Amino acid sequence: MKVDAEARQRLSAFLVTHEEPIVRQWTEIAARTLRGRLTNTELTRQVRDVFGALQAVLGADSDGEIAGAESGESRGALAELSRAWARQGFTPSETAGLVFTVKEVVLGLTESGQAELPTTDFLLLSLVVDDMGLFTFETYTKTRESVIADQTEQLLELSTPVVKLWDGVVAVPLVGTLDSARAQVVMEKLLQTLVDTGSAFAIVDITGVPAVDTQVAQHILKTVVAARLMGAECIISGIRPQIAQTVVALGIEFGDIVTKSNLADALLHALRASGVEVVRRASRDKAF
Amino acid sequence: MTELEEPQRLPIADDKDVVRVRQAVRVIALAAKLPLVDQTKLVTAASELARNTLIHGGGGHALVGQVHNGRRAGVRAEFVDTGPGIADLDLAFTDGYTTGSGLGLGLSGSRRLVDEFEIVTAAGEGTRITVTKWAR
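Which chain is which? The protein sequence lines are A and B, in order.
Under full-length UniProt numbering, think of the first position of the first sequence as 1, with each following residue one higher.
Under full-length UniProt numbering, think of the first position of the second sequence as 1, with each following residue one higher.
In isolation and in its complexed conformation, chain A is listed as follows:
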């Protein structure tokens, strides 16, 4: 939406003349909806930033559009603010509303006779502000999407730790759904840890996997075979009774892979197989 130069000049002059009351009232109204989630100083600064962006869009060397080539700086300022709002957990309406508030303020000023602005100019201001609000909204959505994407990725990494249980024994506690993407991450991490630690035993614990279907089983089997190829023995632990019965009914064969019902048994098996004796120390009373 192009706004002609004359009208822009008038609006710009209007904003400059009434800067103080506009910013003050804008901050007051915004503070009401945001209910103390921002400090007053912070809010005032942000309102001033939006005000600055608005003035720049209406400025002499601009074409009056937030999407225009000359409004890069305003876009940058608005984008930064809306990213900050998205990360602080503001709702989309609050974010866009913060920008739209200026219309309410200007309307209030003209109605109370503190300022004068022709209706057509007010409509033009409204158009520019709408564009800015929509732009803020768009950036907000993009930020939210990237936050979600980041979290998904972090979750993928977080949920697959490879832990060292003993010298030469590492374990992967699997929790949740094991889809192809996660299975791939698990396999890569496990194989890398086997190399890094020079471990001969890997325990895959599936206590936290709610259901073992053929796809999950296939992923586990592939991981075990890959670990074997690298010279490590793989033990599957955490097979609960209901999982055991389901796996049998499905007809999945785990072949000669060592399986244990819990992690403790798997660790004991790995320790014994690597020549570590686990003995309970005789109590002192008996020794003397």
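Hints should not be assumed to be uniformly reliable.
As the list claims (entries may be wrong) - Here are the simulated BS3-like pairs of lysine-lysine, each with C-alpha atoms no more than 27 angstroms apart in a straight line: (1) A:164 <-> A:189; (2) A:260 <-> A:222; (3) A:164 <-> A:103; (4) A:142 <-> B:16; (5) B:33 <-> A:222; (6) A:189 <-> A:142; (7) A:189 <-> A:260; (8) B:16 <-> A:189; (9) A:103 <-> A:142.
Unchecked claim - Label pairs and their in silico Cβ distance ranges: (10) A:179 <-> B:2: 32 to 38 angstroms; (11) B:31 <-> A:39: 47 to 53 angstroms; (12) B:93 <-> A:155: 35 to 41 angstroms; (13) A:28 <-> B:31: 47 to 53 angstroms.
Stated by the list, open to error - Under 10 angstroms between C-beta atoms, here's a sample of chain B residues computed to sit facing chain A: (14) 15; (15) 18; (16) 27; (17) 35; (18) 38; (19) 39; (20) 46; (21) 47; (22) 96; (23) 101; (24) 102; (25) 128; (26) 132.
Everything labelled a hint here was simulated from the structure, so no lab data went into it.
If you're wondering where the values come from, they're calculated on a predicted model, not measured in any experiment.
Each residue gets a CB set at the ideal place from its N, CA and C atoms; glycine is no exception.
Following the hints, position chain B against chain A.
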């Protein structure tokens, strides 16, 4: 056959939908007071069949809900697709036979996991599989 009560219709269009079907079946199985082993068996069967619907049927939908036969409660799930269908059922139910890259146990294995298993299919006419697990 008894009627599905308040069936939930779930689309099956990607991997996440398979997880959703599994969760929905688990919730209904819990509500029908199926024992833990039977819950797990049914959920696993649903997972297999939903994935078949997705991979071999090219997507479709599932209908899941409770059923009652006299005083006995059960959980039923239907998996419907309009894909290529299954031409040779005997071959499809052979353990280890697969046209994909899986273990070839999904279809045959899920029949062993449930109490009732019904399949309606023909080459080029899609597939409808209905499974039921009764509370003991």
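So, going through the hints one by one against the coordinates:
1. A:164 <-> A:189: holds (12 angstroms)
2. A:260 <-> A:222: Measuring from Cα to Cα gives roughly 18 angstroms; hence the hint holds.
3. A:164 <-> A:103: violated (61 angstroms)
4. A:142 <-> B:16: holds (22 angstroms)
5. B:33 <-> A:222: At roughly 35 angstroms apart (the allowed maximum being 27 angstroms), residue 222 of chain A and residue 33 of chain B break the hint.
6. A:189 <-> A:142: Between residue 189 of chain A and residue 142 of chain A the Cα gap is close to 31 angstroms, so the pair fails against 27 angstroms, i.e. violated.
7. A:189 <-> A:260: holds (22 angstroms)
8. B:16 <-> A:189: Since the Cα atoms of residue 16 of chain B and residue 189 of chain A sit roughly 24 angstroms apart, the hinted pair holds (cutoff 27 angstroms).
9. A:103 <-> A:142: holds (25 angstroms)
10. A:179 <-> B:2: 32 to 38 angstroms: Since residue 179 of chain A and residue 2 of chain B have Cβ atoms about 34 angstroms apart, the given range 32 to 38 angstroms holds.
11. B:31 <-> A:39: 47 to 53 angstroms: With Cβ atoms ~49 angstroms apart, the hint holds.
12. B:93 <-> A:155: 35 to 41 angstroms: Given range 35 to 41 angstroms: holds, Cβ gap about 38 angstroms.
13. A:28 <-> B:31: 47 to 53 angstroms: Distance hint for residue 28 of chain A, residue 31 of chain B holds at roughly 52 angstroms.
14. 15: Holds, about 6 angstroms.
15. 18: holds (9 angstroms)
16. 27: Since chain A brings no Cβ nearer than about 12 angstroms to residue 27 of chain B, farther than 10 angstroms, the hint is violated.
17. 35: Holds, because the Cβ-Cβ distance from residue 35 of chain B to chain A comes to roughly 9 angstroms (cut-off 10 angstroms).
18. 38: holds (9 angstroms)
19. 39: holds (7 angstroms)
20. 46: Hint on residue 46 of chain B: holds, closest Cβ of chain A at ~9 angstroms, below 10 angstroms.
21. 47: Holds, about 4 angstroms.
22. 96: holds (8 angstroms)
23. 101: OK, holds: residue 101 of chain B within 10 angstroms of chain A, min 9 angstroms.
24. 102: At 6 angstroms from the nearest chain A Cβ, residue 102 of chain B passes the 10 angstroms test, so the hint holds.
25. 128: violated (21 angstroms)
26. 132: Violated, about 16 angstroms.
Consistency with the previously given hints fails for numbers 3, 5, 6, 16, 25, 26, ordered from lowest to highest.
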